[in-house]
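Listed below, chain by chain, are the residues.
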Amino acid sequence: MSESNCHQFNPENLPQQWQPRIIAFLCNWCSYSGADLTGLSRQQYPATVRVIRVPCSGRVDPQYIMRAFMKGADGVLVSGCHPGDCHYLKGNYYSRRKMIYTKYLMELMGFDPRRLQLRWISASEAGKFADTISDISAEITALGPGKKYKI
Amino acid sequence: MSSYQKETTQLRKLAAELLTSGQVEQVIGYTTADFVTRTRPVIIRDPQMVDQLILNSFCCYNLSSYLARYPRAKTAVVLKGCDLKTVNLLLLEKQLKRENVVTILCYDDGILDLGACAQVGRDRELELAACQRDGELLKLTFADGKLDLAWADALAAKCVNCSCQANLKADYTIGEPATKPSDPDAEYRFVLEFEQMSADARQAFWERHFSRCVRCYACRNVCPICYCSKCVFEQTAPEVVSTFVDTPDNMFYQMIRVQHGIGRCTDCGECERACPQQLPLRLLTKALERQIKQDLGYKPGQDDSTLPPLATFDPEDDNGPFG
Numbered sequence: 003m004s005e006s007n008c009h010q011f012n013p014e015n016l017p018q019q020w021q022p023r024i025i026a027f028l029c030n031w032c033s034y035s036g037a038d039l040t041g042l043s044r045q046q047y048p049a050t051v052r053v054i055r056v057p058c059s060g061r062v063d064p065q066y067i068m069r070a071f072m073k074g075a076d077g078v079l080v081s082g083c084h085p086g087d088c089h090y091l092k093g094n095y096y097s098r099r100k101m102i103y104t105k106y107l108m109e110l111m112g113f114d115p116r117r118l119q120l121r122w123i124s125a126s127e128a129g130k131f132a133d134t135i136s137d138i139s140a141e142i143t144a145l146g147p148g149k150k151y152k153i
Numbered sequence: 040m041s042s043y044q045k046e047t048t049q050l051r052k053l054a055a056e057l058l059t060s061g062q063v064e065q066v067i068g069y070t071t072a073d074f075v076t077r078t079r080p081v082i083i084r085d086p087q088m089v090d091q092l093i094l095n096s097f098c099c100y101n102l103s104s105y106l107a108r109y110p111r112a113k114t115a116v117v118l119k120g121c122d123l124k125t126v127n128l129l130l131l132e133k134q135l136k137r138e139n140v141v142t143i144l145c146y147d148d149g150i151l152d153l154g155a156c157a158q159v160g161r162d163r164e165l166e167l168a169a170c171q172r173d174g175e176l177l178k179l180t181f182a183d184g185k186l187d188l189a190w191a192d193a194l195a196a197k198c199v200n201c202s203c204q205a206n207l208k209a210d211y212t213i214g215e216p217a218t219k220p221s222d223p224d225a226e227y228r229f230v231l232e233f234e235q236m237s238a239d240a241r242q243a244f245w246e247r248h249f250s251r252c253v254r255c256y257a258c259r260n261v262c263p264i265c266y267c268s269k270c271v272f273e274q275t276a277p278e279v280v281s282t283f284v285d286t287p288d289n290m291f292y293q294m295i296r297v298q299h300g301i302g303r304c305t306d307c308g309e310c311e312r313a314c315p316q317q318l319p320l321r322l323l324t325k326a327l328e329r330q331i332k333q334d335l336g337y338k339p340g341q342d343d344s345t346l347p348p349l350a351t352f353d354p355e356d357d358n359g360p361f362g
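Chains A and B supply the protein sequences, listed in that same order.
Throughout, this note's numbering is defined as the position within the first sequence, counted from one, plus 2.
Throughout, this note's numbering is defined as the position within the second sequence, counted from one, plus 39.
Chain A extracted, bound-state conformation (with noise of 0.2 Å):
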């Protein structure tokens, strides 16, 4: 069979400061509009996430976290509205378990379930979102680059 592709992670190739990259599914909603306001209150966090804008948190299917493994992501943020405050009434309760057992799932494959986290922000949260992404890039680097299955 052909040689695997799965990169070996050394961390004497690492760039100095490197920084993950942190796909975030963020629901249009409460935590697209919770970052926006972050953005807006000037608060600071660490630029390592990428948006993705979505119209509900249930929307996220989970082979687009996958997929997002698979292209070189080294965290993927799930974040929707709290459970009960859904713009579209249950959306979120049904993202909440699809992404526990993603999770799992994920687990059984030997990835690490650290890489893959649920959130409820709302879009009034601004310092919650700062502080988000900050706990988990700061989660993220010290496990180091996703790089293993990087398509």
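You may find that some hints are simply not true.
[Unchecked claim] SDA-like, lysine to any residue: derived pairs with alpha carbons at most 20 Å apart:
{"hint": "1", "chain 1": "A", "residue 1": "Lys92", "chain 2": "B", "residue 2": "Thr345"}
{"hint": "2", "chain 1": "B", "residue 1": "Lys133", "chain 2": "B", "residue 2": "Lys338"}
{"hint": "3", "chain 1": "B", "residue 1": "Lys45", "chain 2": "B", "residue 2": "Thr212"}
{"hint": "4", "chain 1": "B", "residue 1": "Lys269", "chain 2": "A", "residue 2": "Arg61"}
{"hint": "5", "chain 1": "A", "residue 1": "Lys73", "chain 2": "B", "residue 2": "Glu278"}
{"hint": "6", "chain 1": "B", "residue 1": "Lys338", "chain 2": "A", "residue 2": "Tyr96"}
{"hint": "7", "chain 1": "B", "residue 1": "Lys45", "chain 2": "B", "residue 2": "Met88"}
{"hint": "8", "chain 1": "A", "residue 1": "Lys92", "chain 2": "B", "residue 2": "Asn358"}
{"hint": "9", "chain 1": "A", "residue 1": "Lys130", "chain 2": "A", "residue 2": "Tyr47"}
{"hint": "10", "chain 1": "A", "residue 1": "Lys92", "chain 2": "A", "residue 2": "Arg61"}
{"hint": "11", "chain 1": "B", "residue 1": "Lys133", "chain 2": "B", "residue 2": "Lys269"}
{"hint": "12", "chain 1": "B", "residue 1": "Lys219", "chain 2": "B", "residue 2": "Phe229"}
{"hint": "13", "chain 1": "A", "residue 1": "Lys92", "chain 2": "B", "residue 2": "Asp357"}
{"hint": "14", "chain 1": "B", "residue 1": "Lys338", "chain 2": "B", "residue 2": "Ala205"}
{"hint": "15", "chain 1": "A", "residue 1": "Lys92", "chain 2": "B", "residue 2": "Gly359"}
{"hint": "16", "chain 1": "A", "residue 1": "Lys92", "chain 2": "B", "residue 2": "Leu335"}
{"hint": "17", "chain 1": "B", "residue 1": "Lys133", "chain 2": "B", "residue 2": "Leu346"}
{"hint": "18", "chain 1": "B", "residue 1": "Lys269", "chain 2": "A", "residue 2": "Tyr66"}
{"hint": "19", "chain 1": "B", "residue 1": "Lys113", "chain 2": "B", "residue 2": "Gln65"}
{"hint": "20", "chain 1": "A", "residue 1": "Lys73", "chain 2": "B", "residue 2": "Ser281"}
{"hint": "21", "chain 1": "A", "residue 1": "Lys92", "chain 2": "B", "residue 2": "Thr351"}
{"hint": "22", "chain 1": "B", "residue 1": "Lys208", "chain 2": "B", "residue 2": "Gln134"}
{"hint": "23", "chain 1": "B", "residue 1": "Lys338", "chain 2": "B", "residue 2": "Asp222"}
{"hint": "24", "chain 1": "A", "residue 1": "Lys73", "chain 2": "B", "residue 2": "Phe272"}
{"hint": "25", "chain 1": "A", "residue 1": "Lys92", "chain 2": "B", "residue 2": "Asp353"}
{"hint": "26", "chain 1": "B", "residue 1": "Lys338", "chain 2": "A", "residue 2": "Tyr106"}
{"hint": "27", "chain 1": "B", "residue 1": "Lys45", "chain 2": "B", "residue 2": "Pro86"}
{"hint": "28", "chain 1": "A", "residue 1": "Lys92", "chain 2": "B", "residue 2": "Leu349"}
{"hint": "29", "chain 1": "A", "residue 1": "Lys92", "chain 2": "B", "residue 2": "Phe361"}
Treat the hints as calculated values from the structure; they're not laboratory data.
Based on the hints, put chain B in the right spot on chain A.
Coordinates of chain B only, in the frame set by chain A:
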């Protein structure tokens, strides 16, 4: 093998009655194939032909996938316990109409997989001339001699610790349920052993296996709950998983395929049986099944009215591992 003569006769009689009375237009069941260790699916429409139907320990196919091809015809289908669970799920997901389906549950002692058995093997199993069950022994006859195996050694992996012997309702039942294992979680033992491995060991395990995957898509094609007319793996715009056959792509393909079955897969084991590379695919599906059972108390396919867990929600769910 365990003689299913009585059950076969009962089944043929039932099929003839169903067809002559007009209750069904066709009966989907098993018939003999070219080798002793093989059967094949058959669709009987003429009551004179019911003698083609057989029941034996090599009836491995999940016939519910054939059922879904005839949504408008009144069809009776021969089902093992594991297959009946799939039919329940398909009814739930409205892929089948209840009034067009007649389920015939045939209890069995387990399906034999002599190809996976070390003493026989994939080539030799096709040379089998006859087999007979004698208590806990399986007596095999080949052209050049005989061989005795322990019945338990010859069983297919999914049939060890079978949990499909009780609490299943069908329109007609043939045979008696076998004794259930006393430990209801015995079926998950192989999963628990796998979960003891470290993350790196697990990753190495899957890398080793998925380097052998040839992306034949047999696992998806044979799966009865993979019924999307436009499969996501065949989309190129946008592409979800590349069709390039390499270990990481193979792993992601399998992860996504398994993820589509979370809370839906009834562990019929067809994916693992169909895989030409004998990849341990049931490990993933069974581990997820166990996690769902533990968290939500739900087991797919037990009835045809409780929605699968990912198709519904409870506002009181907690955030699980996300805190």
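Hint by hint, here is what the structure shows:
1. Restraint check for A/Lys92 and B/Thr345: satisfied, since their Cα atoms lie roughly 19 Å apart, inside the 20 Å limit.
2. A C-alpha spacing of about 18 Å is found between B/Lys133 and B/Lys338, which places the hinted pair at or below 20 Å, so the restraint holds.
3. Taken as a hint, the B/Lys45 and B/Thr212 pair is honoured in the structure, with Cα atoms around 13 Å apart against an allowance of 20 Å.
4. As the CA atoms of B/Lys269 and A/Arg61 are separated by approximately 19 Å, the hinted pair is consistent with the 20 Å bound.
5. Among the hinted pairs, A/Lys73 with B/Glu278 is consistent with the structure: their alpha-carbon atoms are about 12 Å apart, no more than 20 Å.
6. For the hint pairing B/Lys338 with A/Tyr96, the CA-to-CA distance comes to about 18 Å; that is within 20 Å, so the pair holds.
7. A C-alpha spacing of about 18 Å is found between B/Lys45 and B/Met88, which places the hinted pair at or below 20 Å, so the restraint holds.
8. Our distance criterion of 20 Å between C-alpha atoms is met by A/Lys92 and B/Asn358, whose separation comes to about 15 Å.
9. The hinted pair formed by A/Lys130 and A/Tyr47 meets the criterion: a straight-line CA distance of about 11 Å does not exceed 20 Å.
10. Pair hint A/Lys92 plus A/Arg61 holds up; C-alpha atoms about 11 Å apart against a cutoff of 20 Å.
11. As the CA atoms of B/Lys133 and B/Lys269 are separated by approximately 17 Å, the hinted pair is consistent with the 20 Å bound.
12. Only pairs whose Cα atoms come within 20 Å are accepted, and B/Lys219 paired with B/Phe229 is accepted, the gap being roughly 17 Å.
13. For a cut-off of 20 Å, the pair hint linking A/Lys92 to B/Asp357 stands: about 15 Å separates their Cα positions.
14. Our distance criterion of 20 Å between C-alpha atoms is met by B/Lys338 and B/Ala205, whose separation comes to about 13 Å.
15. Taken as a hint, the A/Lys92 and B/Gly359 pair is honoured in the structure, with Cα atoms around 18 Å apart against an allowance of 20 Å.
16. The hinted pair formed by A/Lys92 and B/Leu335 meets the criterion: a straight-line CA distance of about 19 Å does not exceed 20 Å.
17. Pair hint B/Lys133 plus B/Leu346 holds up; C-alpha atoms about 11 Å apart against a cutoff of 20 Å.
18. A threshold of 20 Å between alpha carbons decides the hint, and for B/Lys269 with A/Tyr66 the separation of about 17 Å falls inside it, so the pair holds.
19. For the proposed pair B/Lys113 and B/Gln65, the alpha carbon gap of about 7 Å is at most 20 Å, so the pair holds.
20. Of the pairs offered as hints, the one joining A/Lys73 and B/Ser281 holds, with about 11 Å between alpha carbons and a cut-off of 20 Å not exceeded.
21. With a C-alpha separation of about 10 Å, the suggested pairing of A/Lys92 with B/Thr351 holds against the 20 Å cut-off.
22. With a C-alpha separation of about 19 Å, the suggested pair B/Lys208 and B/Gln134 falls inside the 20 Å cut-off, and the hint holds.
23. At roughly 16 Å between alpha-carbon atoms, B/Lys338 and B/Asp222 fall within 20 Å of each other, so this suggested pair holds.
24. Of the pairs offered as hints, the one joining A/Lys73 and B/Phe272 holds, with about 17 Å between alpha carbons and a cut-off of 20 Å not exceeded.
25. Annotation: proposed proximity of A/Lys92 to B/Asp353 holds, straight-line Cα distance about 10 Å (limit 20 Å).
26. Of the supplied pair hints, the one linking B/Lys338 and A/Tyr106 holds, its CA atoms being roughly 17 Å apart against a limit of 20 Å.
27. Straight-line distance between C-alpha atoms of B/Lys45 and B/Pro86 comes to about 19 Å, which keeps the hinted pair within the 20 Å bound.
28. For a cut-off of 20 Å, the pair hint linking A/Lys92 to B/Leu349 stands: about 13 Å separates their Cα positions.
29. A C-alpha spacing of about 19 Å is found between A/Lys92 and B/Phe361, which places the hinted pair at or below 20 Å, so the restraint holds.
In summary, this structure violates none of the numbered hints.
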